[in-house]
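Participant: Sequence:
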Amino acid sequence: MELTGAQALVKSLEMCDVEVMFGLPGGAILPVYDPILDSKIRHVLVRHEQGAGHMAQGYAHVTGKPGVAIVTSGPAATNIVTPLCDAYMDSIPMVAITGQVALASIGSDAFQECDTTGITMAVTKHNYLVTDPADIPRIVKEAFHIATTGRPGPVLIDVPKDVSNETMEWYWPDEIDLPGYSPITDVDADKISEAIELIRAAEKPVIYAGGGLLKAHAADALKRFVDLTGIHVATTLMARGVFPDRDPLGLGMPGMHGNYTAVMAFQRSDLLINLGARFDDRVTGNTEFFAPDAKIIHVDIDPAEHGKVRLPDVAIQGDARQALEALIAEHEISGGSKVDRSEWKSTISGWQEQHPLQYEQADSGFPLKPQFVLEQLRDNTPDDTIVVAGVGQHQMWASQFWKFDHPYTWVNSGGLGTMGFAVPAAIGAKAGQPNRMVWAIDGDGCFQMTAQELITAAAENIPVKIAILNNAYLGMVRQWQELFYDERYSEVYLSPDHPDYVGWAEAMGCAGIRVESADEVLSAIEKANAINDRPVVIDFRVDAFEKVYPMVPAGGSNDDIILGPEGDADAKAKGTAPS
Numbered sequence: 001m002e003l004t005g006a007q008a009l010v011k012s013l014e015m016c017d018v019e020v021m022f023g024l025p026g027g028a029i030l031p032v033y034d035p036i037l038d039s040k041i042r043h044v045l046v047r048h049e050q051g052a053g054h055m056a057q058g059y060a061h062v063t064g065k066p067g068v069a070i071v072t073s074g075p076a077a078t079n080i081v082t083p084l085c086d087a088y089m090d091s092i093p094m095v096a097i098t099g100q101v102a103l104a105s106i107g108s109d110a111f112q113e114c115d116t117t118g119i120t121m122a123v124t125k126h127n128y129l130v131t132d133p134a135d136i137p138r139i140v141k142e143a144f145h146i147a148t149t150g151r152p153g154p155v156l157i158d159v160p161k162d163v164s165n166e167t168m169e170w171y172w173p174d175e176i177d178l179p180g181y182s183p184i185t186d187v188d189a190d191k192i193s194e195a196i197e198l199i200r201a202a203e204k205p206v207i208y209a210g211g212g213l214l215k216a217h218a219a220d221a222l223k224r225f226v227d228l229t230g231i232h233v234a235t236t237l238m239a240r241g242v243f244p245d246r247d248p249l250g251l252g253m254p255g256m257h258g259n260y261t262a263v264m265a266f267q268r269s270d271l272l273i274n275l276g277a278r279f280d281d282r283v284t285g286n287t288e289f290f291a292p293d294a295k296i297i298h299v300d301i302d303p304a305e306h307g308k309v310r311l312p313d314v315a316i317q318g319d320a321r322q323a324l325e326a327l328i329a330e331h332e333i334s335g336g337s338k339v340d341r342s343e344w345k346s347t348i349s350g351w352q353e354q355h356p357l358q359y360e361q362a363d364s365g366f367p368l369k370p371q372f373v374l375e376q377l378r379d380n381t382p383d384d385t386i387v388v389a390g391v392g393q394h395q396m397w398a399s400q401f402w403k404f405d406h407p408y409t410w411v412n413s414g415g416l417g418t419m420g421f422a423v424p425a426a427i428g429a430k431a432g433q434p435n436r437m438v439w440a441i442d443g444d445g446c447f448q449m450t451a452q453e454l455i456t457a458a459a460e461n462i463p464v465k466i467a468i469l470n471n472a473y474l475g476m477v478r479q480w481q482e483l484f485y486d487e488r489y490s491e492v493y494l495s496p497d498h499p500d501y502v503g504w505a506e507a508m509g510c511a512g513i514r515v516e517s518a519d520e521v522l523s524a525i526e527k528a529n530a531i532n533d534r535p536v537v538i539d540f541r542v543d544a545f546e547k548v549y550p551m552v553p554a555g556g557s558n559d560d561i562i563l564g565p566e567g568d569a570d571a572k573a574k575g576t577a578p579s
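Just so you know, we're using the numbering used here here: the sequence shown kicks off at 1 and counts up by one.
No wet-lab data here; the hints were simulated from the structure.
Take these hints with a grain of salt, some might be off.
Subject to a maximum C-alpha distance of 20 Å in a straight line, what follows is the list of computed EDC-like cross-link-like pairs (lysine to aspartate or glutamate) [as the list claims (entries may be wrong)]:
1. K191 - D270
2. K527 - E516
3. K11 - E166
4. K403 - D245
5. K223 - D384
6. K345 - D247
7. K308 - E288
8. K547 - E487
Take these sequences, add in the hints, and give me the full structure.
Facilitator: Structure follows, in structure tokens:
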């Protein structure tokens, strides 16, 4: 069967079980858009290429399948670099397809030409420039394999226009031959035995649960391991939901804005069992002072992570689920712990009792506290609601105050910290899980970066719900300026009224609601939950000067954690500019 390169590309995507893709056509990719009309794959037409990339990420987060974005050459390709980098940092499986000028024009500065493979080399696991249409089925199959195996990540396929128009004889490869790519998933039994000896002897162990557990579909294995050992679990920003927050052994989120118990459990532990986390600087603070008395077990599928930040006592390369299952089996054979951990458990309980997350919502309802909004959203939505966050204060409050008891219900930009992530990622998540409620928690600054994608949601009948915590500032930047720049608020004020978020939402085909007082919150949420025929945007006018606590000043030790406004003076004395 003879097909054009474009037809072969679309058919290859079908062979990889692609159900939905996100994109925007243009000249160089136009040949590929014609056979899309005849394909069973759903195409979601975005309003900006960055939106296509973030939608693909949101889809991948909640389905575990690779998200697919398709855009044209030049500025379209450069617009998708940010989502590619975001996916690379957070190990999100994604396949991006970009158009390219004809092969003979490459290097001539042709219209809408750029060196896409060169530009994206640093932010993809691998990328391809297709030079022969006969290579397309092989390349597509390889791309999906690379994106989803080992440490997941984005792969890009750059397709010149003439290659799309040329013909080839259709085939589908039976096997993949990538001699230079062979991820190790099996774990070393000797390393497992060494790890169990450390675990059995530890008096103050803590599990440091990272996003790699979600990539490995290891939530059930983690729960079995914790039930067996009785070891407490802290879940990083990328791992929220991998262990139930309401479980007595769940500690919540550690790190710069983690809760006191999780932060101090790391600091005072004698053994950190790191499962699929990369010792991110937002968690460790100053590495010189991080968990100073702890031995380290580090499980990661990527050997480059071992010793990159903290030298492990036992480094286990391999799939996190397989590692946990091996640890469970070995622990059962070994006979359990050698030591009494009751004092450690009592210490943790004491921290939880003495230092809970806290805020004060005035009885008058003014000013409206963002934490109150999140608690009301949490308590008045289904237990398995998918929560998508942008980046900044609202992201931290969402992670702190929501209770994540199910995996794949938390979607956010972790490593890259991409403002504007929430709206398109929520659309992608809803496209991937159409029967689940999806709430995006956004800030007014983030919302203004990608809100045009709500037109996509309205036009494509993807009824996401958006909660804007509108404090009229670039809130996290303002918080740092208040504490570390002598309250010199340089270029962070946004205004609560410009734009008119309700009017803007309605203009984009969404329902718009404004909330200014605590006593209006519940009714607005109930109204939004009842609307399922279009997207909903709620403009929550929250306290402009509320800060995120706890907080570890950047560059400082986690022992310097500030619990509330009463510690601001210490923060100003000890802190430095953000790093």
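Participant: Next, verify each hint and record whether it holds.
Facilitator: Against the structure, the hints:
Of the pairs offered as hints, the one joining K191 and D270 holds, with about 19 Å between alpha carbons and a cut-off of 20 Å not exceeded. Simply put, K527 and E516 have alpha-carbon atoms about 15 Å apart, close enough for the 20 Å limit, and the pair holds. Our distance criterion of 20 Å between C-alpha atoms is met by K11 and E166, whose separation comes to about 15 Å. A C-alpha spacing of about 6 Å is found between K403 and D245, which places the hinted pair at or below 20 Å, so the restraint holds.
Using a Cα cut-off of 20 Å, the hinted pair K223 and D384 holds, with the two alpha carbons roughly 18 Å apart. A hinted pair counts as satisfied when its Cα atoms are at most 20 Å apart, and K345 with D247 qualifies at roughly 14 Å. Pair hint K308 plus E288 holds up; C-alpha atoms about 14 Å apart against a cutoff of 20 Å. For the hint pairing K547 with E487, the CA-to-CA distance comes to about 13 Å; that is within 20 Å, so the pair holds.
Of the numbered hints stated above, none is contradicted by the structure.
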